[in-house]
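Here is what each chain is made of, one letter per residue.
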Amino acid sequence: MANYDNNIVNPDDLLSDSQSEIQQNFQAILDLISVNHYPFGDPNAGKHQFMTHLANRGNIGRVNPATEKLSYGKRYAPTNKTEWFASTNAASGFLLSGRNDPFQQPTWSMIADKGIAVVTMTVVAARGPLRVIFPAGQGIPTFSNVLNVQLSIESSGIASPNNGSAYITAFDRLGVDVQVYSNVAGNMNAFGFFVMAIGTIGPVF
Amino acid sequence: MAYDNNVPQATQTISATQQPIHDNFADIETLIQVNHVGFNVADEGKHKFVTFPVQAVTPVPAAGDINFFSRTSPYTANPELCLSRSDGSVTEMSANFNNGWAFTASGLLLKWGTTLIPSVATNVVYPVAANIPVFSQVFSVLITVAYPSAVDENKNVTLIGFANPLFFTAVGTQRTATAPYVGNATIYYLALGKV
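Sequence lines, in order, name chains A and B.
FYI, the numbering for the first sequence is 1 to 205, going by the numbering used here.
FYI, the numbering for the second sequence is 1001 to 1195, going by the numbering used here.
One chain only, chain A, in its complex shape:
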């Protein structure tokens, strides 16, 4: 890739002095434009073939005006990958592309802007009150705030469930309090439910 020199031409240059420098700058411009973009002469000249976001490792250190949205890549510790971020003018970035890897249960995945993520997990229940802690580790970030929790009853393969039901009594960013009921006394071992929690994990910095 040619080196661009913004200090040419000089007043006392002869054309023989500046010719190669001017030509080199035109080459450098062509080289730079050809990164990510369709080059001169192409019907799509100036549009993007693709757009590369570099792996910024720290705060990108830019406070954009309130009327702008900033898109960038940054290394994200829980996934150990470069992820896609968007920031507002608060100099704080929200994760957009993270998920656990391997992508499996329990699951966490970003689902929307503003750092909104979903976590799903399976819980085996017994009758009575139960505190369900959202999974941690395995690259799963901790919620900063939980917005909504859903429960769905599951009978672990038993086609004749004993009318189990589970009700949310409260939730916070670390877990959900559940009360488990059944119409049938006795063994509740084959009873469980699925939890889906939607919350925020940002801003990241």
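To be clear, the hints were calculated from the coordinates, so they are not data collected in a lab.
Watch out, some of these pointers could steer you wrong.
Unchecked claim - With a Cα cut of at most 25 angstroms, we get these calculated DSS-like pairs of lysine-lysine: (1) A:Lys69 with B:Lys1048; (2) B:Lys1048 with A:Lys47; (3) A:Lys81 with A:Lys69; (4) A:Lys114 with B:Lys1046; (5) B:Lys1048 with A:Lys81; (6) A:Lys47 with B:Lys1046; (7) A:Lys69 with A:Lys114.
Unchecked claim - Not the full set, but computed from the structure, chain A residues with beta-carbon under 10 angstroms of chain B: (8) Pro39; (9) Thr88; (10) Ser92.
Glycine is no exception: its CB is placed at the ideal position from the N, C-alpha and C atoms.
Dock chain B against the given chain A, drawing on the hints supplied.
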């Protein structure tokens, strides 16, 4: 004139090179103004928007970088925004149809719908079509019983399992007893998984 990165030539006079240089400057300004804010105004160099013509081949970035690009979705047959990584993996971020499925920006596949469940174990097969992505693994299924009649139908529906990525299994009982009910229960379901 087309941009020429081979001007000026050493043997040319100023009078001969002035116009090619001028043309190059004009071409540069024209190109920069596509997608970008142009020279000599506030915000120059920033993006007004980003246009991604459809790529036939996935642009694989250098290690640690991520690429955004557009490809024709095998599901929607429309250009969709994608993210690629250095391992060649692609996450299709924008594809969705109004027939019960959508990808999130992280590649999570959501499917939703409504169906009827009787009082015997019943497989609910996710809709199949050329333009509907197929789960390779389901992470969770959530169901809610509906009473379309607006009266208590005394019906409860329980998941039996969803290990098979092509369907989930559910069964209904009365809400107040383990006895079966007559007819069907209406449910809404939401399934989360990956392709």
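- prompt: Holds or violated: is the Cβ of Pro39 (chain A) closer than 10 angstroms to a Cβ in chain B?
  reply: 8 angstroms, holds
query: Is the hinted pair Lys47 (chain A) and Lys1046 (chain B) satisfied, with a Cα-Cα distance of at most 25 angstroms?
result: Measuring from Cα to Cα gives roughly 13 angstroms; hence the hint holds.
task: For the pair we were handed, Lys1048 (chain B) and Lys81 (chain A), check the Cα-Cα distance against 25 angstroms.
output: Violated, at roughly 28 angstroms.
task: Verify the proposed pairing of Lys114 (chain A) with Lys1046 (chain B), using a straight-line Cα cut of 25 angstroms.
output: 22 angstroms, holds
- prompt: Taking only the CA atoms, is the gap from Lys69 (chain A) to Lys114 (chain A) under or equal to 25 angstroms?
  reply: 12 angstroms, holds
Pair hint Lys81 (chain A) and Lys69 (chain A), alpha-carbon separation not exceeding 25 angstroms: 22 angstroms, holds
message: Hinted pair, alpha-carbon criterion (25 angstroms max): Lys1048 (chain B), Lys47 (chain A). Please report holds or violated.
response: 11 angstroms, holds
query: When the nearest CB of chain B is found for Thr88 (chain A), is that gap smaller than 10 angstroms?
result: 16 angstroms, violated
message: Hinted pair, alpha-carbon criterion (25 angstroms max): Lys69 (chain A), Lys1048 (chain B). Please report holds or violated.
response: 11 angstroms, holds
- prompt: Holds or violated: is there a CB of chain B closer than 10 angstroms to the CB of Ser92 (chain A)?
  reply: 18 angstroms, violated
This entry does not satisfy hints 5, 9 and 10, going by the numbered hints stated previously.
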